[in-house]
Amino acid sequence: MNDIDKVKKLIIDKPLKLDCGQTISNFPLAYETYGKLNDKKDNAILAFHALTGDQFASGLNPITKKEGWWNYLIGPGKAIDTKKYFVICANVIGGCMGSYGPSNVNPKTNKNFGTEFPVITINDMVNAQYHLLEFFKIKKLFSVLGGSMGGMQVLQFVSNFPDKSETAIPIACAHSHSAQNIALNELGRQSIMADHNWENGFYVENNKSPDKGLAVARMAAHITYLSKKGLQEKFGRKLQERDDLKFGFDADFQIESYLRHQGSVFVDRFDANSYLYITRAMDYFDLSKQFDGNLSKAFEKTNTKFFIISFTSDWLYPTSENREIVIALNSIGKNVGFAEITSDKGHDSFLLNIPDFLNTIKNFLNTSYYKLNEKRI
Amino acid sequence: MKKEFNTIANLVEKKSKVLDVGCGDGELMKYINENITNDIRGLEISKSNVQKCVAKGLTVIEGDAEKDLKQFPNSSFDYVILSQTLQAFLDPENVISELLRVGKKAIVTIPNFGYWKVRIHLLFKGTMPITKDLPNEWYNTPNLHMCTIKDFVNYCNKKNIKINSKNLSYKNLFSQLGIFVIEK
Numbered sequence: 001m002n003d004i005d006k007v008k009k010l011i012i013d014k015p016l017k018l019d020c021g022q023t024i025s026n027f028p029l030a031y032e033t034y035g036k037l038n039d040k041k042d043n044a045i046l047a048f049h050a051l052t053g054d055q056f057a058s059g060l061n062p063i064t065k066k067e068g069w070w071n072y073l074i075g076p077g078k079a080i081d082t083k084k085y086f087v088i089c090a091n092v093i094g095g096c097m098g099s100y101g102p103s104n105v106n107p108k109t110n111k112n113f114g115t116e117f118p119v120i121t122i123n124d125m126v127n128a129q130y131h132l133l134e135f136f137k138i139k140k141l142f143s144v145l146g147g148s149m150g151g152m153q154v155l156q157f158v159s160n161f162p163d164k165s166e167t168a169i170p171i172a173c174a175h176s177h178s179a180q181n182i183a184l185n186e187l188g189r190q191s192i193m194a195d196h197n198w199e200n201g202f203y204v205e206n207n208k209s210p211d212k213g214l215a216v217a218r219m220a221a222h223i224t225y226l227s228k229k230g231l232q233e234k235f236g237r238k239l240q241e242r243d244d245l246k247f248g249f250d251a252d253f254q255i256e257s258y259l260r261h262q263g264s265v266f267v268d269r270f271d272a273n274s275y276l277y278i279t280r281a282m283d284y285f286d287l288s289k290q291f292d293g294n295l296s297k298a299f300e301k302t303n304t305k306f307f308i309i310s311f312t313s314d315w316l317y318p319t320s321e322n323r324e325i326v327i328a329l330n331s332i333g334k335n336v337g338f339a340e341i342t343s344d345k346g347h348d349s350f351l352l353n354i355p356d357f358l359n360t361i362k363n364f365l366n367t368s369y370y371k372l373n374e375k376r377i
Numbered sequence: 001m002k003k004e005f006n007t008i009a010n011l012v013e014k015k016s017k018v019l020d021v022g023c024g025d026g027e028l029m030k031y032i033n034e035n036i037t038n039d040i041r042g043l044e045i046s047k048s049n050v051q052k053c054v055a056k057g058l059t060v061i062e063g064d065a066e067k068d069l070k071q072f073p074n075s076s077f078d079y080v081i082l083s084q085t086l087q088a089f090l091d092p093e094n095v096i097s098e099l100l101r102v103g104k105k106a107i108v109t110i111p112n113f114g115y116w117k118v119r120i121h122l123l124f125k126g127t128m129p130i131t132k133d134l135p136n137e138w139y140n141t142p143n144l145h146m147c148t149i150k151d152f153v154n155y156c157n158k159k160n161i162k163i164n165s166k167n168l169s170y171k172n173l174f175s176q177l178g179i180f181v182i183e184k
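Chains as they are written, first to last, in our numbering: chain A, 1 to 377; chain B, 1 to 184.
Simulated from the structure, these hints should not be mistaken for laboratory data. Honestly, I wouldn't trust all of these hints.
Pairs of lysine to any residue residues, derived as SDA-like cross-links and limited to a Cα-Cα distance of at most 25 Å, are as follows [stated by the list, open to error]: (1) K289(A) - D68(B); (2) K67(B) - S320(A); (3) K362(A) - S75(B); (4) K84(A) - N353(A); (5) K70(B) - P15(A); (6) K137(A) - N366(A); (7) K70(B) - E321(A); (8) K83(A) - V12(B); (9) K14(B) - Y369(A); (10) K30(B) - N38(A); (11) K362(A) - S46(B); (12) K15(B) - G333(A); (13) K150(B) - R119(B); (14) K56(B) - Y370(A); (15) K334(A) - V12(B); (16) K289(A) - R269(A); (17) K305(A) - D39(B); (18) K14(B) - E374(A); (19) K17(B) - K150(B); (20) K305(A) - Q254(A); (21) K47(B) - A79(A); (22) K17(B) - F27(A); (23) K17(B) - N373(A); (24) K212(A) - K229(A); (25) K108(A) - P15(A); (26) K104(B) - I332(A); (27) K297(A) - S75(B); (28) K47(B) - I327(A); (29) K67(B) - T312(A); (30) K228(A) - H196(A); (31) K67(B) - Y369(A); (32) K47(B) - S331(A).
Every value quoted in this text rests on a predicted model; they were computed, and no experiment measured them.
Generate coordinates for the entire structure from the input sequences, incorporating the hints supplied.
In structure tokens:
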């Protein structure tokens, strides 16, 4: 039995109509939980992962044997203290860590879906994950949060289910994917599709794997997660295990070696078709367009309390784009806080141990939870 | 806590909706939040102050009053508070009109340049006054538009802004700080 077959899965039997027009049913949603759901069921937090994340947000990822991607934030005694809160995290549909995606078998052909998998959207991902509330019999979540694509899911979730979460924390994201971000995603997709081992998406049955294309996609994307200053300080022009330039195309510089390493470890844990599908979902995301160009309308019906966070050196989802969400909420008098955290680490900051960032989330959640319980007494 | 915070807080009605513009480290917000109304949020430009507010569990929006007040709808708060920052804005006239648009009432405090100690300092020493409320030198003060209590009252009268102006001459000479409730 494959390791991925052993992860926790919720089989969603209700049909889900996707934005592309197709309907899926009886499909798996892989998830993981941390902490305990209390008797009142008022301490549940749904965390949404970013492009290459998965359901293993905290602790040790049993598949990759690496630390969970939000291990700094979530865990016992951490900013989101799992001794107090119950955290749920699911692998998005289209993903490759057990949820329904292009590496699943198509029952009609008995072969992997490959590029016959339907194109999914952020809206579809969120609608699929909503079933977790019914599964755990949670009437209202205490919070929804996520960074990058996770933040887009937060925005879509509150818009779709305005009375299903007390609080929401979208981090380092945007309500509409920018031309620059679409361009960068397209670069990654073209890199995968240019690899002749991609085989139009049907590489599994041909016993091939577009590793080179996927690795280059990851290398390009990885640069966008960092900042110029961060790269310069960490690598500068330092050479990789050599005293001088070799006048060839080996990795002379440490930054080259670092990127090659990032590319090569990525292909071991990620499916190339999933990369295509998930980047497409991000590109299609335009919440304001869903409401005739008026983002405020997306949040008109909600009383969810927001806190929005951006980072100074994030040029992929810059503060200006995060601030547009703040403005949309303020302009209809909704409850929203906002902080731009100082960091040289670029977009990746939301995954790192940055005390101001972790404390902002911790204080916002703990105060909101306290107020919620005070209100009930 | 600064002593004027108590006076300001007492001007705010219970359970009302409040925006503290330039809320600093959140001391005033915290006091109002605990004693008057918990429907309060702040707007603050300094990152370190934003973190101090967050640490106190307060709702704060990082932003610049001169640019970011415009995102709030008309009369969206019962009170908008501006505590001792009016004189530091590039365009205080615009800030006042925004306060009165966003808030049904605005509570504004200003360091009074007409305070007798300030007048005496300038008269006898001949240098820019330095007092408890005006602690900086002329070359490093953030205060761009100093005024007296009388100046502020005159301004409001000229602009048809409602303001209490009882005992004006007395207050203008003996108050270090002017605290006003104004409305359109």
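Hints, one by one, checked against the model:
This hinted pair checks out: K289(A) and D68(B) have alpha carbons roughly 24 Å apart, not beyond 25 Å. Pair hint K67(B) plus S320(A) holds up; C-alpha atoms about 13 Å apart against a cutoff of 25 Å. In summary, the hint linking K362(A) to S75(B) is not supported, as the alpha carbons are separated by about 32 Å, beyond the 25 Å threshold. A C-alpha spacing of about 21 Å is found between K84(A) and N353(A), which places the hinted pair at or below 25 Å, so the restraint holds.
The straight-line distance between the Cα atoms of K70(B) and P15(A) is roughly 45 Å, outside the 25 Å bound, and the hint therefore fails. Proposed proximity of K137(A) and N366(A) is supported: the alpha carbons are some 23 Å apart, at most 25 Å. A threshold of 25 Å between alpha carbons decides the hint, and for K70(B) with E321(A) the separation of about 17 Å falls inside it, so the pair holds. Taken as a hint, the K83(A) and V12(B) pair is broken in the structure, with Cα atoms around 39 Å apart against an allowance of 25 Å.
Between the alpha carbons of K14(B) and Y369(A) the distance comes to roughly 23 Å, so the proposed pair stays at or under 25 Å and holds. Our distance criterion of 25 Å between C-alpha atoms is broken by K30(B) and N38(A), whose separation comes to about 30 Å. For the hint pairing K362(A) with S46(B), the CA-to-CA distance comes to about 20 Å; that is within 25 Å, so the pair holds. At most 25 Å may separate the alpha-carbon atoms for a hinted pair to count; K15(B) and G333(A) meet this at roughly 16 Å.
Note on K150(B) and R119(B): the hinted pairing holds, with a Cα-Cα distance of about 14 Å set against a maximum of 25 Å. Between K56(B) and Y370(A) the alpha-carbon distance is near 13 Å, which keeps this suggested pair within the 25 Å criterion. Distance check on the hinted pair: K334(A) and V12(B) sit about 21 Å apart at the alpha-carbon level, within 25 Å; holds. For the proposed pair K289(A) and R269(A), the alpha carbon gap of about 34 Å is over 25 Å, so the pair is violated.
With a C-alpha separation of about 12 Å, the suggested pairing of K305(A) with D39(B) holds against the 25 Å cut-off. The straight-line distance between the Cα atoms of K14(B) and E374(A) is roughly 18 Å, inside the 25 Å bound, and the hint therefore holds. The straight-line distance between the Cα atoms of K17(B) and K150(B) is roughly 29 Å, outside the 25 Å bound, and the hint therefore fails. For a cut-off of 25 Å, the pair hint linking K305(A) to Q254(A) is broken: about 44 Å separates their Cα positions.
Distance restraint check for K47(B) and A79(A): the Cα-Cα separation of roughly 20 Å lies within the 25 Å cut-off, and the hinted pair is therefore satisfied. For the given pair, K17(B) sits about 47 Å from F27(A) by alpha-carbon distance, which is inconsistent with the 25 Å threshold. Taking the CA atoms of K17(B) and N373(A), the gap is near 21 Å; set against the 25 Å cutoff, the hint holds. Between the alpha carbons of K212(A) and K229(A) the distance comes to roughly 28 Å, so the proposed pair goes past 25 Å and is violated.
With a C-alpha separation of about 17 Å, the suggested pair K108(A) and P15(A) falls inside the 25 Å cut-off, and the hint holds. This hinted pair checks out: K104(B) and I332(A) have alpha carbons roughly 16 Å apart, not beyond 25 Å. Only pairs whose Cα atoms come within 25 Å are accepted, and K297(A) paired with S75(B) is accepted, the gap being roughly 20 Å. Between K47(B) and I327(A) the CA atoms are separated by roughly 19 Å; this keeps the pair inside 25 Å, and the hint holds.
For the suggested pair K67(B) and T312(A), the alpha carbons sit about 19 Å apart, so the restraint of at most 25 Å is met. Our distance criterion of 25 Å between C-alpha atoms is broken by K228(A) and H196(A), whose separation comes to about 33 Å. Using a Cα cut-off of 25 Å, the hinted pair K67(B) and Y369(A) is violated, with the two alpha carbons roughly 32 Å apart. At roughly 23 Å between alpha-carbon atoms, K47(B) and S331(A) fall within 25 Å of each other, so this suggested pair holds.
Violated hints, in rising order: 3, 5, 8, 10, 16, 19, 20, 22, 24, 30, 31; the structure is consistent with all others.
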